[in-house]
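With the numbering used here as the guide, the letters of the sequence shown map in order to residues 309 to 804.
Mixed in with the good hints there might be a few duds.
Said to hold, decoys possible - In silico DSSO-like links for lysine-lysine, alpha-carbon gap of 27 Å or less:
#1 367 <-> 390
#2 463 <-> 802
#3 395 <-> 405
#4 391 <-> 602
#5 766 <-> 390
#6 689 <-> 367
#7 395 <-> 460
#8 366 <-> 405
#9 761 <-> 366
#10 611 <-> 689
#11 390 <-> 718
#12 762 <-> 362
#13 460 <-> 390
#14 460 <-> 477
#15 715 <-> 689
#16 366 <-> 390
#17 611 <-> 461
#18 766 <-> 358
#19 406 <-> 462
#20 460 <-> 802
#21 477 <-> 462
#22 358 <-> 460
#23 367 <-> 406
#24 390 <-> 477
#25 367 <-> 766
#26 718 <-> 802
#27 477 <-> 463
#28 403 <-> 390
#29 715 <-> 620
#30 395 <-> 477
#31 761 <-> 367
#32 620 <-> 602
#33 762 <-> 620
#34 395 <-> 715
#35 718 <-> 461
#36 477 <-> 461
What the hints assert, rightly or not - FRET-style restraints, in silico, Cβ to Cβ:
#37 675 <-> 765: 55 to 65 Å
#38 522 <-> 772: 36 to 46 Å
#39 657 <-> 356: 41 to 51 Å
#40 772 <-> 472: 14 to 24 Å
Read the hints as simulated data drawn from the structure, not as lab findings. Where is the CB? At the ideal position from N, CA and C, for every residue including glycine.
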Amino acid sequence: MLEAQVQWRRIPGQHESLEGLIGKAGNKPNAGEEEQGADTDDADPSLAAKAEFKRWVKKTLESLDIIGHQYGACLGRQSDRKKPRTKFNNSLFDKTKKCGHEQAGVCLCLYLAMISDRGRFIMLLERTMYPTFYKDQVGAFELVLTMEQWLKKKKYPARHALNPEGLGKVFDYYTDWIRETTFRKGMGALLIKNHLMLHVPLYMLHWGPPRGWDSGPSERAHKTEQKQPAQRTQRRQHSFVKQLTARLEPRAIEGWRSFPWWCQVFSRVQQNRLDGSKTEGNYLQEVINLVCEKLLPLADSDKIEGFSEVKKTIDSEPICFRAHPNYRSKSRQVTDTWHDWAKFVVPHHGDAHIPGQILMFIRMPFTNDEVIHNGIRLQSKQVHAVVNLFVDQPQPPFPNFDTPIVKWGKTEDTNFYIIPCNCLVAPAIVVPNLLEQQPQGNVANANARRTYKKRRFKLMQEPGNEPLGDGYFVVDNQEQMAQRMEELIDDIMKRE
């Protein structure tokens with residue numbers, strides 16, 4: 309729920325500004341106190357404090373950028389393919405080489421970096437950020453992510469779409485939150501670049517959902533479908549249209565599609581209608597031992613049929629789930645393995661959707677006997693998944709503030725489950741928690757380490773600031789994020 313966010317609104321002046329922090333570090337001396345012949349910059353301690361403050365900010369941004377890139381790589385290999393791009397070659401804080409529709413992936417990477425143990429302690433201890441200001445920053449990312457998915461919905465309830473006054477209050481709350489949380493320039497006005505959002509309630513009343521009058525997809529297609537092919541013409545205005553329509557790429561694509569391939573018309577969709585592809589990879593030894601001890605005695609031969617991926621239709625949409633031990637790619641991933649996360653329904657958890665990591669796909673041998681493993685009945689001659697399941701249903705990670713789009717949980721790690729694929733109900737987005745790293749270095753950094761330990765000890769005295777430790781974050785999909793925003797809209801309308 310996003311109800312707790314309504315109580316997070318920061319009071320202006322509650323957090324110290326850059327000038328306030330510099331003033332604490334050192335006050336500017338009077339002109340009479342300056343030494344004669346000395347440079348004014350050298351004699352001004354506030355300038356040194358300002359330089360030190362900027363160095364802290366730069367170091368913090370570099371650390372968060374590294375953590376964000378690690379989460380971007382983890383998000384790049386998930387069973388839920390409906391997420392924004394999260395893997396970038398340049399810095400997350402660099403505005404170049406990123407389109408507008410890719411900023412959601414940047415926000416998601418930075419959001420996960422901020423709530424992880426490593427990023428949270430960097431901001432609260434090394435950056436010495438106020439906990440209230442830290443919560444406001446996290447809430448700002450949540451508002452941006454949920455608002456974007458809500459604007460992309462196909463249909464809206466009448467209580468929202470036909471109530472421009474109520475939606476106006478919601479967008480006022482949204483813009484006020486960003487304005488009070490984000491420090492911007494602009495002659496002291498703290499202007500934000502989302503003033504057009506104040507027109508959305510009236511536009512929805514006139515033209516329906518924003519998805520119908522959004523020009524973003526057309527603008528994105530212009531760069532790849534029109535702009536680049538136009539560069540390959542001779543740039544003669546009198547024959548530009550003729551050359552553009554006669555370019556080679558579309559004709560080559562159509563010719564390749566109709567090329568006779570093994571006496572059949574080549575169709576990638578038909579070629580992919582397989583249960584999976586066989587592989588001889590290196591799996592975890594614990595998984596191999598489980599399969600050999602539990603399933604191999606039931607087989608007629610000394611082999612068990614396995615797959616590296618399985619395609620399953622969920623809500624009339626085909627989804628590919630991978631459990632590949634040797635997945636090679638050019639995306640510079642941390643590892644060459646791709647083990648998807650998914651949500652399962654198992655008997656000992658009732659109807660709850662429990663996330664789990666798929667370690668292997670196997671086909672159960674034919675048997676007339678009933679085989680039960682960890683309370684789950686195995687089905688003869690059906691495809692099963694060896695899963696590292698969560699201990700329980702994911703819960704909110706922090707007791708002192710709410711993170712509605714992220715839940716927290718832990719896996720058993722020592723007890724793997726063999727689950728039929730018909731118990732697989734939905735894809736999942738799960739990323740690990742990056743643990744805290746204390747400052748390290750030579751003897752010259754001993755003072756910094758002592759200061760870090762003192763700040764950490766003081767922070768641990770407050771309840772709810774303990775590190776999460778080993779575990780995983782479960783991120784909501786696009787539909788769930790839009791649902792969170794609907795809950796917030798209902799809450800704001802009731803309050804008003």
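**Study point:** Index of numbered hints that the structure contradicts, given in increasing order
**Key:** Hints 1, 4, 5, 6, 15, 16, 17, 22, 24, 26, 30, 33, 35, 39, 40 contradicted; others consistent.
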